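Trainee: Taken in sequence, the protein lines are chains R and U. The numbering used here numbers the first residue of the first sequence as 1 and each following residue consecutively. The numbering used here numbers the first residue of the second sequence as 1 and each following residue consecutively.
Don't take each hint at face value.
Away from chain R, derived, C-beta distances all over 10 Å, residues of chain U [unchecked claim]: (1) Arg36; (2) Gly55; (3) Lys115; (4) Ala153; (5) Pro205; (6) Gln216; (7) Leu228.
The calculated label-pair distances, taken between Cβ atoms and stated as ranges, are [unchecked claim]: (8) U:Asn44 to R:Phe48: 51 to 61 Å; (9) U:Glu229 to R:Ala385: 21 to 31 Å; (10) R:Glu362 to U:Pro152: 39 to 49 Å; (11) U:Thr157 to R:Ala385: 53 to 63 Å; (12) R:Gly12 to U:Gly141: 50 to 60 Å; (13) U:Phe165 to R:Gln263: 57 to 67 Å; (14) U:Gly141 to R:Glu16: 41 to 51 Å.
Keep in mind that the hints were calculated from the coordinates and are not lab data. Everything numeric in this text was worked out from a predicted model, so none of it was measured. Beta carbons: idealized from backbone N, C-alpha and C, even for Gly.
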Amino acid sequence: MSDYRKMWQDLGVNLEKHDEFLAPVPSLYGDLFVSQQNRPEGMKYFDFVMSEVHGLRVKELLDMKDDPSKKVVGAFCVFVPEELVLATGGACIGLCGGAQYSVPIGEKVLPRAMCPLIKSSLGFKVGGVCPYFEVADFVVGETTCDGKKKAYEVLNEYHPTYVMELPQKRDQADKELWLKEVYAFKDKMEAEAGKTITAEKLTAAVKLANDRRRVLQRLYDARKVDPVPISGKDAALITQLAFFDDPARFTEKTTALCAELEQRIEKGEGVFPKGAPRILITGTPMPLPSWKMHNIIESSGGVVVCEESCTGTRYFETLVDETPTTLPEQMEALSQRALNINCACYTPNTGRIDDILRMVKEYNVDGVVYYSLQFCHTYGIEYRAAEKALQQAGVPVIRIETDYSDEDSGQLQTRIQAFLEMLK
Amino acid sequence: MITAGVDVGSTAAKAVILKEREILGWAIIPTGWSPRDAGKRVLNQALTMANVDVGGVERIIGTGYGRVALDFLDRAVTEITCHARGANYYYPEHGLVIDIGGQDSKIIKVNNQGKVLNFLMNDKCAAGTGRFLQVTINSLGLELDEVDSLPPAEPATINSMCTVFAESEVISMLASGTPKESIVTGLFHSIAKRIATMAGSMELPGNATFTGGVAQSILLRQMLAQELEANLAVPPNPQLMGALGAALIAQD
Ligand code: SF4
Ligand code: SF4
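Let's have the full structure, built from the sequences with the hints guiding it.
Mentor: Laid out in structure tokens, this is it:
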């Protein structure tokens, strides 16, 4: 990895902090991922991506930027129409915010009483810990929850931040607002890249992004089977890496993995014994490297078969309609996608409850873990509706409110184990 | 068949020896610094009382936070599942178990087989736990078992539920002349309220079993019953319910 030091330094990464942040990752990754029994061969690629997480991909992006019209855009939310970035030949990176390491750094510029996701992502920038941040020409925020909305004002002091205004309802006026915002983002991208986005280029970009969504759906379909051919940890990692990797390569590698998983299914081969309690996690996003919940569940004998989350089904379930051929229709289709995602920042958001109930059936789920980050009000509040609906459907549910620290791991373990014992 | 249940909690280690449904022996000792050691010793004590030798025990189940440290177990089961089963031994018709343990408090919904239907547990903060009571009461120079002999008093208002802050609040109350018994009543009142708030969203059946060491306190029992609007029964040796449950599960 030493050959990247110069690159990091040139990017303005704080080498000392960066070393400190990365030091525990290999052994943690080894314990959590590599040591798993009977892992699919196809995971080797993702192990490689992880081993190079701050290296090769960052270098690729830098090399790409040799062409000044190609921009790297950092994003925090699945609403951001990355197709418009791809259509200019640039790359869109989903920045992380899943590490305890950067939380205290984020707390230097933000109040403590905020969700760890926001604190962690800002901490990455303020501490100079994340090369992806540094390689990004600008980042795109969105007015989703109040915390993010206001945090982007702070972030803008450290890094160029462009904010999209997201509607909070789904009425006609909201649709018009969002369509305008998507157009404004198109203008922004065109100005940054110095080129026009044509219908043709957009068609290709939509296809590229949709292909990645489709392969993730295929991966998740494999998880519907008992015994499950891939651990929840591995599947979640793949989804997390989808936000970083080159989309075409990611799709290709994940396709190969899916083929392997489908062979396993045919042979009835699994990574957990048949009948192991099947868990759906629902709630806030779990960006890299947030593996705490999956690890606790899977080391207690349960298996995570689905994540109803932005680093899960909400990321890929809604495709952009590929049929339109004229630019205005394409822009419509693009803006429509966000409105079909059931994020808790919408009001009302009953669609999410329907999604959860549907997934419980589709994935043959025994119990639901409702995961919300501390101080995340939107998802915290929606627990009530989810609990009610699940109870009515006779599906056991447990609420876990936590952060990225390990302080409560022992306690969470007891609660998850008791929950799994209850499912037997 | 003879089975054993060993429950190593943060403050006390407990063991129960069971023959079918008959309790042959039991023991309670402080956990001290070594959970593994405490587990072994408490098991031996209970075996001595039962007049059974280790070889005669068919299955041993461990529970409590120290369960992972015990190397002589056939299986470990969480304290939630065990408390539910233990409480069911005495009060099979009660649909609710409230356990206030050293580090955590739990509210468990059970069916008449002692199977857990749903449960709630405090998060990482120690508010409303046995530890909270112990620390704050000790700062008054009292022990938990002395509390019931204090004269009845109006509860003083305790604002802080954080163990650290409550302790200093209690000390300054004492300094400003609030009578001890009012402070103690206030502390119990705040715990009872905390548990009731935790139970908030759960539908409460009228009859509940109250377990854990602090369930021995008559004052706390009364306050909790009032806050929860439930009828609370306390089994003999409420501290033993986890170990008893573990031994019962071992019988299955
Ligand atoms: S939870 Fe909402 S705001 Fe957050 S990433 Fe998902 S869609 Fe965006
Ligand atoms: S987890 Fe919740 S509080 Fe945090 S950014 Fe997402 S919606 Fe906002």
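Trainee: Now tell me if each hint is right for this structure.
Mentor: Here's how the hints hold up against the structure:
Remark: the non-interface label on Arg36 of chain U is consistent with the geometry, its nearest Cβ contact in chain R lying 16 Å away (cut-off 10 Å). Taking the minimum C-beta to C-beta distance to chain R, about 29 Å, the non-interface status of Gly55 of chain U holds against the 10 Å cut. Distance check on Lys115 of chain U: its Cβ comes as close as 8 Å (rounded) to a Cβ of chain R, failing to clear the 10 Å threshold; non-interface status is violated. Residue placement check: Ala153 of chain U keeps its beta carbon more than 10 Å from all beta carbons of chain R (closest about 34 Å).
Distance check on Pro205 of chain U: its Cβ is at least 16 Å (rounded) from any Cβ of chain R, clearing the 10 Å threshold; non-interface status holds. Chain R leaves Gln216 of chain U outside its interface by the beta-carbon criterion, the shortest separation being 24 Å against a cut-off of 10 Å. With a minimum CB-CB distance of about 20 Å to chain R, Leu228 of chain U clears the 10 Å threshold, and the non-interface call stands. At about 53 Å, the beta-carbon gap between Asn44 of chain U and Phe48 of chain R stays in the expected band of 51 to 61 Å.
Checking the proposed 21 to 31 Å range against Glu229 of chain U and Ala385 of chain R shows it holds: the Cβ atoms sit about 26 Å from each other. For Glu362 of chain R and Pro152 of chain U, the Cβ-Cβ distance of about 59 Å falls outside the hinted range of 39 to 49 Å, so the restraint is violated. Between Thr157 of chain U and Ala385 of chain R the Cβ separation comes to about 35 Å, which falls outside the hinted range of 53 to 63 Å. For the pair Gly12 of chain R and Gly141 of chain U, the beta carbons lie near 59 Å from each other, so the given range of 50 to 60 Å is met.
A hinted range of 57 to 67 Å for the beta carbons of Phe165 of chain U and Gln263 of chain R is consistent with their spacing of about 59 Å. Hint check: Gly141 of chain U to Glu16 of chain R, Cβ distance near 50 Å, so the stated range 41 to 51 Å holds.
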